[in-house]
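Engineer: Chain residues, written in single-letter form:
Protein chains: 6
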Amino acid sequence: MRHDGRMADMIRPVTIETDYLIHPEGSVLITVGNTKVICTASIEERVPHFLRNSGKGWITAEYSMLPRATGQRTQREASKGKVSGRTMEIQRLIGRALRAVIDLETLGERTIWVDCDVIQADGGTRTASITGAFVATAMAISKLHIEKGLAKFPITDFLAATSVGKTVEGELILDLDYIEDSSAAVDMNVVMTGAGAFVELQGTGEESTFTRVEMNGLVELAEVGINQLVEVQKEALGLVAQLIKPKEQGES
Amino acid sequence: MRHDGRMADMIRPVTIETDYLIHPEGSVLITVGNTKVICTASIEERVPHFLRNSGKGWITAEYSMLPRATGQRTQREASKGKVSGRTMEIQRLIGRALRAVIDLETLGERTIWVDCDVIQADGGTRTASITGAFVATAMAISKLHIEKGLAKFPITDFLAATSVGKTVEGELILDLDYIEDSSAAVDMNVVMTGAGAFVELQGTGEESTFTRVEMNGLVELAEVGINQLVEVQKEALGLVAQLIKPKEQGES
Amino acid sequence: MRHDGRMADMIRPVTIETDYLIHPEGSVLITVGNTKVICTASIEERVPHFLRNSGKGWITAEYSMLPRATGQRTQREASKGKVSGRTMEIQRLIGRALRAVIDLETLGERTIWVDCDVIQADGGTRTASITGAFVATAMAISKLHIEKGLAKFPITDFLAATSVGKTVEGELILDLDYIEDSSAAVDMNVVMTGAGAFVELQGTGEESTFTRVEMNGLVELAEVGINQLVEVQKEALGLVAQLIKPKEQGES
Amino acid sequence: MRHDGRMADMIRPVTIETDYLIHPEGSVLITVGNTKVICTASIEERVPHFLRNSGKGWITAEYSMLPRATGQRTQREASKGKVSGRTMEIQRLIGRALRAVIDLETLGERTIWVDCDVIQADGGTRTASITGAFVATAMAISKLHIEKGLAKFPITDFLAATSVGKTVEGELILDLDYIEDSSAAVDMNVVMTGAGAFVELQGTGEESTFTRVEMNGLVELAEVGINQLVEVQKEALGLVAQLIKPKEQGES
Amino acid sequence: MRHDGRMADMIRPVTIETDYLIHPEGSVLITVGNTKVICTASIEERVPHFLRNSGKGWITAEYSMLPRATGQRTQREASKGKVSGRTMEIQRLIGRALRAVIDLETLGERTIWVDCDVIQADGGTRTASITGAFVATAMAISKLHIEKGLAKFPITDFLAATSVGKTVEGELILDLDYIEDSSAAVDMNVVMTGAGAFVELQGTGEESTFTRVEMNGLVELAEVGINQLVEVQKEALGLVAQLIKPKEQGES
Amino acid sequence: MRHDGRMADMIRPVTIETDYLIHPEGSVLITVGNTKVICTASIEERVPHFLRNSGKGWITAEYSMLPRATGQRTQREASKGKVSGRTMEIQRLIGRALRAVIDLETLGERTIWVDCDVIQADGGTRTASITGAFVATAMAISKLHIEKGLAKFPITDFLAATSVGKTVEGELILDLDYIEDSSAAVDMNVVMTGAGAFVELQGTGEESTFTRVEMNGLVELAEVGINQLVEVQKEALGLVAQLIKPKEQGES
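Residue numbers (my numbering), protein chains in the order written: chain A, 30 to 281; chain B, 30 to 281; chain C, 30 to 281; chain D, 30 to 281; chain E, 30 to 281; chain F, 30 to 281.
A hint or two may mislead.
[Unchecked claim] Computed spacing ranges between beta-carbons, pair by pair:
{"#": "1", "chain 1": "B", "residue 1": "46", "chain 2": "C", "residue 2": "30", "range": "23 to 31 Å"}
{"#": "2", "chain 1": "B", "residue 1": "198", "chain 2": "A", "residue 2": "114", "range": "49 to 57 Å"}
{"#": "3", "chain 1": "C", "residue 1": "39", "chain 2": "A", "residue 2": "108", "range": "53 to 61 Å"}
[What the hints assert, rightly or not] Only pairs whose alpha carbons sit at most 25 Å apart, straight line, appear in this in silico SDA-like list of lysine to any residue:
{"#": "4", "chain 1": "E", "residue 1": "109", "chain 2": "A", "residue 2": "106"}
{"#": "5", "chain 1": "F", "residue 1": "177", "chain 2": "E", "residue 2": "236"}
{"#": "6", "chain 1": "B", "residue 1": "181", "chain 2": "C", "residue 2": "49"}
{"#": "7", "chain 1": "B", "residue 1": "111", "chain 2": "F", "residue 2": "260"}
{"#": "8", "chain 1": "A", "residue 1": "85", "chain 2": "D", "residue 2": "115"}
{"#": "9", "chain 1": "C", "residue 1": "111", "chain 2": "F", "residue 2": "110"}
{"#": "10", "chain 1": "A", "residue 1": "85", "chain 2": "D", "residue 2": "121"}
{"#": "11", "chain 1": "A", "residue 1": "109", "chain 2": "D", "residue 2": "235"}
By construction, these hints were calculated from the structure, which means they are not laboratory data.
We put the beta carbon where it would ideally sit given N, CA and C, even for glycine.
One chain only, chain A, in its complex shape (with noise of 0.2 Å):
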């Protein structure tokens, strides 16, 4: 049994609120257990210079943590005048990941923006951000879908993530807490698509290690903990959750 009561394979529990600010064009509170994000999709019609007169849009996320999100307040990014390694990291996730179940082509020439600001950390803030992005970024783009009549909705997947980990004790759990992770022997963050295919997979052992056999036990961890997910983002986006039609497994 787990410190705050729950068995290896269980997730926090998880809520995502829609529409939760009145500008952008798609917004989602999102939490799990004391994480919380909130995750917006803003459209913007033109494209980064390597993509003009490509015909293809172009996804891009932005994160940062409000000073106290943390036990200890931290210094904001923009006080220090850069942006840490850690921050550039999870941006660079967040948008690789929702890449990889957006078909830019029918997107067609402009930019979503993604912005995952963590408002209360208690980990797994990377993975609750790409869960929260991806349904704000399904509102946003159904918004557009209605507005502009796309060819297709060009969301080709549900995509959630969620963090495993091996304790010191050997042992294998889904969903890390602050707590969690911050003893664990290796922690991996798994990205994946409903249909079950993996979109990243970033497993790390700090002074540490972890053999086969325990890779496939985590990974096993995270598709138990990401089909739970997958279920609250439907529920949260209602009949835009209709729209998205993955293809058949293999077919990618």
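Go by the hints and put chains B, C, D, E and F onto chain A.
Structural biologist: Just chains B, C, D, E and F now, with coordinates in the frame of chain A:
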């Protein structure tokens, strides 16, 4: 009658939700109409260099807006690598205002970091930040007072802020929202104590001017609004409000 | 009696030397007591991006102090790699103040760059900058008017600034020098037109407050000082002063 | 058959030249096909702030490419004034990987600075950097061990890295060069110990995904390559290789 | 005859006004033709980190131009957020030059900060800065000598600088103004002591070259100018000049 | 006799390996004793803004050192976020020197980017960079000449550089290594053409001076060294060397 149905001397609906986040010593979500700001107060047991061994404490503030707090997405200051002049002005204003009602010697050699993060913007974000930050700071100091047993409660009076303005038609109005603010001829931010003394008065005519009579009219409107804001603060603070015992006017 | 022998309502000796430098379109050396500022106005035949094809011009200001303008050497902002919050506030104030008395449509699509460089500081550098910058700008615009034949002279009124304050003993005084400024309970900067309208009013109690009666007393003192400053400006401008024909009060 | 004639499970020719530079405590030139990286290890007799008086050492890495390491000249990060997200990700990866096989307590309170400078790039620069950096670090630590007489040799196992990928045709291949990497559907970087345990696994589908079967196929290919890289490391290290005595698998 | 009527071997009119500002320990306004520079010397009672506990002092210089010192307004380096290569070169040159004639051990563990701010530029700003900075520094050190009673006067000789150049017609000229400088084939800055020794010699052909004979001709012209500059320095320094007793040539 | 056995007028062993890297248009590894620099020349088919539509080309240089090129690790400028004054001085020197022997009009509207990266430093890195950069640039331009058929070969003469110095004992020496350089009383860098004309002469006494006689002695030593360096360049360039046909001396 104003575009949202208010009379000239009416403020928007205001709520202050305390203990909004689990980590900070003090935190609120303040909403003023559609403007929403998360204000937190963090206590650090040391002071900036210029106050070491002075026996005095310090209060400093930082302010930021989520990129989609606004109708158009604004670029993150962390991405730009520098804080704008507007942000610096607001940060300095918030810190200066709070220092006027907090006895830094009673506080002792510690720093209160105030963070105001605008989640949603519809005019008056700096004055909402001050009004909310006061409550978050009072909550944090009350916890400190209980834990450390300060000589007395170091907050000497309530503190709230609002904006007033002159429309291009010459009408004086209270608590401008974004539509009103962006077309106003004169804009004035007023910070006052519960006892009715001015802490800060910033009246600005952008490509316009104002007379002495108008100045007095604006200041009177601000008093009306600030009295109501202080009532909301008292309710939000509950028992903590009773620890704040302003000196008789004239003493300061 | 004040430490330098002045009465409460006296300003320091003021001189404005025009055509101080050979290169700029307009330039002055203004001295207010021991405070000395070089103000220049440069005309650029284009406007910032947000005004392209608007038919309107722009005025922007930059402010700096030589490292040894002050008693202690201050580090250069160029060496620190960023401009301080104080500098940004002052720059924004100078630009905003000048824009209040210049008809940007008559100016046409050009930018006036105002530079205020403090050579020697003894309190009141921002208000001396505004008072001097107005003269430098008027000189530059008069040359422009002669060369290009504008529809009319685009300066609609004189503009000057001074500071007033409340001492810790509660006395209200005009035109504070550094010694007075650093110990004042309340500090107020006032920018007014020649016709006596307010352009900017910034009253601040650093760890102190002020009443409505004090506010009115401070503002009256400021009027006394600004009237004298405008006379010095008129003398410095000579014939150019006659081109400035304020609208009747109440029109603005 | 691949474009350069290799089979799917073949790595490119690898050489590691030790003592490549005269100044650093450890230095190598590693070549993997046309990819060439200078890796150095420098020992500093102090640790970062967060480890002072902990008795533990630290290993940190920096990574850079010469502007013309690539086909098109890339702008220097020093000229841009900031390090890119890609560089930060790689730097963090190299440092984290090395820390997994070095006993920081035996190392004692000193920092090993690893520098990887890519002289010529043809795909796989981050994995070549890890493989080369391990050898440079082992050389530096062996000198330290001789000079200072550490309690034991603090390197607990060999460490090497390679990339594997899935082509758009679905084939799994080992050690991708630039041409293969830029067209791959899935790219995975794998860092393993000499004993065959995973230290880091980063699989990414850029606008694509992969299945569990493919994940296992990729990991198996990586093992093939890493075993060969460890052999080249052993040869380069000569007698120093004998100081590295991995724990039995399962112990970690 | 040159465009301003000077012969090839004539310098422009030079004046040095001492005690130009009230705050710095030493300050001058130097004018060389239309070039005007404010030079100040500030004494700080500590040294940079690399000289702590060495018993030696330090001299460092900073250089800047007002935006409208030049015909076209130049952007402030503080606004750009970085100091240009040209500025850095000049700053390093001024500091290095002064250190050649100041005995840093006699100075003791203190730093002299030299600031050269160009108010008006017409060629030769770096050499005017050196010539003026020498006088400001001598003034500051003389005050220090009186207050602290140094073992001896630490300035070992006079120091002045000028520029020489070769026109595109091949003529060698002394003390180039802006018009001459911008069209010169070869530009050489020469810093010499009062005793006639070289401290710095920087000859540059921008898209051009020069012979040994020309080099000697340029250097001879420079000597002519520097002798006259040292006379102006002596007059400006008055009694302080008598404290400077150069060693016999050959001793250095 | 010098510490490494050389006579005062001897340079260190020099080699220049051309086509050192596969990607750049021109590249060399130059070694001067223990100093090793990779120099590359890249051709870009456009010019900086100030040369658009001028018909002229441009040459610009960047310089960097690997962190462990030196005995003590030096921090990366990319990590510090800015380029040092020393680096800027050297970059500007390299670019200026090359421009003296390249006919920018014949080159046409294209930019040559020269990159000098010091792999190992033992004194004289800036002069080795110039000597190597000349060869890399000649290689790149010869390829350009073949591909594009320029009107003539735009390099007008050979160009090489060396350092000379005066020891504290007063001896004049050629091609200083790090030990000699760090203790020298006077340091002079000389850039000359194959025809023996000066392009750049930078003599500096750090806390010391030099006489006219010493200046001439230093310059003569430099000529000896540069003649030998040009011979090495000719050999390295092979047939390309024959395309370089200097004008008769006196023409320039």
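Engineer: Next step is simple, just say for each hint if it's right about the structure.
Structural biologist: Hint check results:
no. : hint                      : in the structure
1   : B:46 x C:30: 23 to 31 Å   : violated (54 Å)
2   : B:198 x A:114: 49 to 57 Å : holds (54 Å)
3   : C:39 x A:108: 53 to 61 Å  : violated (43 Å)
4   : E:109 x A:106             : holds (20 Å)
5   : F:177 x E:236             : holds (24 Å)
6   : B:181 x C:49              : violated (58 Å)
7   : B:111 x F:260             : violated (52 Å)
8   : A:85 x D:115              : holds (23 Å)
9   : C:111 x F:110             : holds (13 Å)
10  : A:85 x D:121              : violated (32 Å)
11  : A:109 x D:235             : violated (31 Å)
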